[in-house]
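Protein chains: 4
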Amino acid sequence: MKDAIVIGGSRGIGKAIAEALKSLDMEVIQTSKNQLDTSNLDSVKKFATLHNKTDILILNTGGPPPKEFFSITEDDWLKYHNQLFLGFCILLKNIKINDGGYVFLISSNVIKEPNSKLIISGAYRSAFSSVLKVLSKDFAKKNISCINIAPGPINTDRTKELIENVDEFQKTLPMGRLGEPEEIGNFVKSIVQNNIKYLSGVVINFDGANSNYVF
Amino acid sequence: MKDAIVIGGSRGIGKAIAEALKSLDMEVIQTSKNQLDTSNLDSVKKFATLHNKTDILILNTGGPPPKEFFSITEDDWLKYHNQLFLGFCILLKNIKINDGGYVFLISSNVIKEPNSKLIISGAYRSAFSSVLKVLSKDFAKKNISCINIAPGPINTDRTKELIENVDEFQKTLPMGRLGEPEEIGNFVKSIVQNNIKYLSGVVINFDGANSNYVF
Amino acid sequence: MKDAIVIGGSRGIGKAIAEALKSLDMEVIQTSKNQLDTSNLDSVKKFATLHNKTDILILNTGGPPPKEFFSITEDDWLKYHNQLFLGFCILLKNIKINDGGYVFLISSNVIKEPNSKLIISGAYRSAFSSVLKVLSKDFAKKNISCINIAPGPINTDRTKELIENVDEFQKTLPMGRLGEPEEIGNFVKSIVQNNIKYLSGVVINFDGANSNYVF
Amino acid sequence: MKDAIVIGGSRGIGKAIAEALKSLDMEVIQTSKNQLDTSNLDSVKKFATLHNKTDILILNTGGPPPKEFFSITEDDWLKYHNQLFLGFCILLKNIKINDGGYVFLISSNVIKEPNSKLIISGAYRSAFSSVLKVLSKDFAKKNISCINIAPGPINTDRTKELIENVDEFQKTLPMGRLGEPEEIGNFVKSIVQNNIKYLSGVVINFDGANSNYVF
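Protein chains in written order, with the working numbering: chain H, 143 to 357; chain L, 143 to 357; chain E, 143 to 357; chain Y, 143 to 357.
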């Protein structure tokens, strides 16, 4: 493993993953929204032309502001269809993952438990999780592992926007705290560092025992 | 229950549901692709203007021709995003479901077990399943039940297109046969006829014991 | 369909199913705990000797009183292993289901979302759900359908024991009410009445849109 | 992290985990079936008296020989209920997990996709997965993480017993090979080594992209 591309790598979970991979002496391209806006397909295509292969691709992007179903406009759907789904498809189609590499998707626990505020996110992240599952079987032939990490409540700017009183909210969580972006960063790093390859085609909840479904 | 709208009601499962509901003396609008093409949002909006309320809405539409991920074009994604996802969102936003009514989604077992040939279908049907789940909680307040039926191999023209040798294929199935569209039609009818309302927010596999996952 | 056996048929959901099937002019054996105690394997075996075939078998039984993990005794585990799991296995092994028949399991939504109070119930009902899934494939060859109904909060004595303030609790539910046992009874009846056979190997949440997981 | 107990640690996956943890300079007690037979509750209780606390507990045990449902005896059920379920419950009840520790369960992909040969294993491993999920919420308060790893086809003696022609079988797998026990060992090690704690209450398929369900 020599190089990695981290989409949405300028802050939050993406940044933490980028930092963790850099500690392995990897060359890491970490994009901010200015450099690569996944809601803009031209931006996506241009990026994929400039960076057309990698060992590790981290697909990570923020979600839309909370909106109830009946106030979501057609433009909202189309924008986030690009940002959360189609942009990632184009990246995967155009960036060659080197043999033995990794694709990590940072999705969200809303792919299993959607909610009324994050309905767009739940929908399109589910959709892309389905795509990645299928691709994991193709990629397996080239020893490329596809790992879908579905974070629960993590200590990011995003969470602070979504949750009114974070201190109170933390008390309701099984661990009494939000997860730290660095925990996900270290998890990704530990998989790469130990060259764990048979972990593929999997959705991994990363939520501090917060979700209620077993399977 | 007096009237129903069956999208994709001119053949296959949609037609069988429409016929079953008509046997309950309901007034049924069943659309063919000529009358309502869910891949065309103008067509969808026009339809929703003409038919802006109903007791029962059946969301049903065919899927795309089989295509592997790396040959799917941006236009393919956009077309089927309309057909399998956005068109349904617009219908739900614009057609009022009368209190005590029903929304049935005819999705597919690919929402749980996607496959490389039906990757588009798996993605967008998962996405809409997520949306309907969220909406089921809102609709519950008005005693409207949302039921997602996920058919496995059913005896439709579609299946004949997808499966090369249907006779051989049937022998591999637990029941030794495809499901009949009428079985789904009768299932929908039986729910409506018996006014079963507490069945809501649920995905029901309808696949003759073919799938392998328990939950 | 001429006859049915309803285990735990003297009250609650079991009774409602028994009544619904009787309305189809079926001969229904409905057992109370006095007649058949599924926690007592001798009782189970004796019953299965006397009633060794049927068209429809309804596997239904109450759960244990709420207990946290660290206060559950070995005897508790063993008793409810019999009641919720092994007794049902013995019934299925010894009662012949006639060709074209049905097996309905009334499990619980705790098979997907267990909780600390109902940990025994969650465990053994999950286990039996797994068994029934496997058997559904064998039974399919004889056109016998296996349907696992997983009720959420239903208006039974059991629920009143578990929930302190039922009136307050109901207000928190999406439909603003508990489900009625008759709704499940009618659902079972409607499947049998319409001879819906391709619905098999399935878990059907019956919870008024209360659960949060999509799939 | 100073010490670990690995149940079933004398061969296969258990041994690989024990070796991996030892490479972290941990003191590891790894039990063979002679030392601790989880199908024998006396053996389990005696062990838990001698070893009544640990930082890391690895719950791992072999499964029963393949048997179809109708040939499983009551004694089979009771034996493997002990081995795969009740023995683990007794261990968890009697061995104190130190604050900040870990419980790893090595279950199997049959908890999601049971099959007719491994019906006992599917049932009781599902049941214990349900228990561990519930406990993960309690343990979270003490910063103890509970992680359920559900292996697919791994290169163990067990797999060689179950699969007739392993070479042919490997060709059917997405990665063209079985997983190695060391991969799971390294995975467990990497989590412990990096002190990843927010990963808890989760089932992680470890199957080389072999399973078909997304979620």
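Simulated from the structure, these hints should not be mistaken for laboratory data. Any given hint might turn out to be false.
All copies of an identical chain are treated as equivalent in the list; a pair is satisfied when it fits inside any one copy or across any two copies.
The calculated lysine-lysine pairs, modelled on DSS-like cross-linking and capped at a C-alpha distance of 25 Å, are [as the list claims (entries may be wrong)]:
1. K195 x K209
2. K235 x K221
3. K259 x K188
4. K284 x K259
5. K157 x K284
6. K302 x K144
7. K187 x K339
8. K209 x K144
9. K339 x K188
10. K221 x K187
11. K188 x K283
12. K302 x K209
13. K221 x K283
14. K339 x K164
15. K188 x K221
16. K188 x K302
17. K339 x K157
18. K144 x K259
19. K259 x K164
20. K259 x K283
21. K259 x K313
None of these values were measured; they are calculated from a predicted model.
Results of checking the hints against the structure:
Taking CA atoms no more than 25 Å apart as the test, K195 paired with K209 passes between copies only; the shortest distance there is 24 Å, against 36 Å inside one copy. In the homo-oligomer, the alpha carbons of K235 and K221 lie at most 25 Å apart both inside one protomer (20 Å) and across protomers (18 Å), since each shortest distance falls under that limit. In this assembly of identical chains, the alpha carbons of K259 and K188 never lie at most 25 Å apart, being 32 Å within a copy and 28 Å across copies at closest. Only between protomers do K284 and K259 lie at most 25 Å apart by alpha-carbon distance; the minimum there is 20 Å, versus 39 Å within a single protomer.
In the homo-oligomer, the alpha carbons of K157 and K284 never lie at most 25 Å apart, since the shortest distance is 28 Å inside one protomer and 29 Å across protomers. In the homo-oligomer, the alpha carbons of K302 and K144 never lie at most 25 Å apart, since the shortest distance is 34 Å inside one protomer and 36 Å across protomers. Within a single copy, K187 and K339 get their C-alpha atoms no closer than 29 Å, and across copies no closer than 37 Å, so neither meets the 25 Å cut-off. For the homomeric pair K209 and K144, neither the shortest alpha-carbon distance inside one copy (40 Å) nor that between copies (33 Å) is at most 25 Å.
Proximity of K339 to K188 under the C-alpha cut-off of 25 Å is found in neither arrangement, the shortest distances being 30 Å within a copy and 38 Å between copies. When the C-alpha separation of K221 and K187 is checked against a cutoff of 25 Å, the pair qualifies both within a copy, at 16 Å, and between copies, at 19 Å. In this assembly of identical chains, the alpha carbons of K188 and K283 never lie at most 25 Å apart, being 28 Å within a copy and 47 Å across copies at closest. Taking identical chains as interchangeable, the C-alpha atoms of K302 and K209 lie at most 25 Å apart only when both belong to the same chain, with a minimum of 16 Å there against 37 Å between chains.
For the homomeric pair K221 and K283, neither the shortest alpha-carbon distance inside one copy (34 Å) nor that between copies (30 Å) is at most 25 Å. Taking the shortest Cα distances, K339 and K164 sit within 25 Å of each other both inside one copy (20 Å) and across copies (22 Å). With identical chains, the CA atoms of K188 and K221 are at most 25 Å apart both within one copy (18 Å) and between copies (23 Å). Taking identical chains as interchangeable, the C-alpha atoms of K188 and K302 are never at most 25 Å apart, the minima being 32 Å within one chain and 41 Å between chains.
Proximity of K339 and K157 under a CA criterion of 25 Å is satisfied in both settings, with 23 Å inside one chain copy and 19 Å between copies. For the identical chains of this complex, K144 and K259 are neighbours neither inside a copy (39 Å) nor across copies (33 Å), given an alpha-carbon limit of 25 Å. In this assembly of identical chains, the alpha carbons of K259 and K164 never lie at most 25 Å apart, being 35 Å within a copy and 37 Å across copies at closest. Taking CA atoms no more than 25 Å apart as the test, K259 paired with K283 passes between copies only; the shortest distance there is 17 Å, against 39 Å inside one copy.
For the homomeric pair K259 and K313, the shortest alpha-carbon distances inside one copy (21 Å) and between copies (21 Å) are both at most 25 Å.
In this structure, the hints that do not hold are numbers 3, 5, 6, 7, 8, 9, 11, 13, 16, 18, 19, in rising order.
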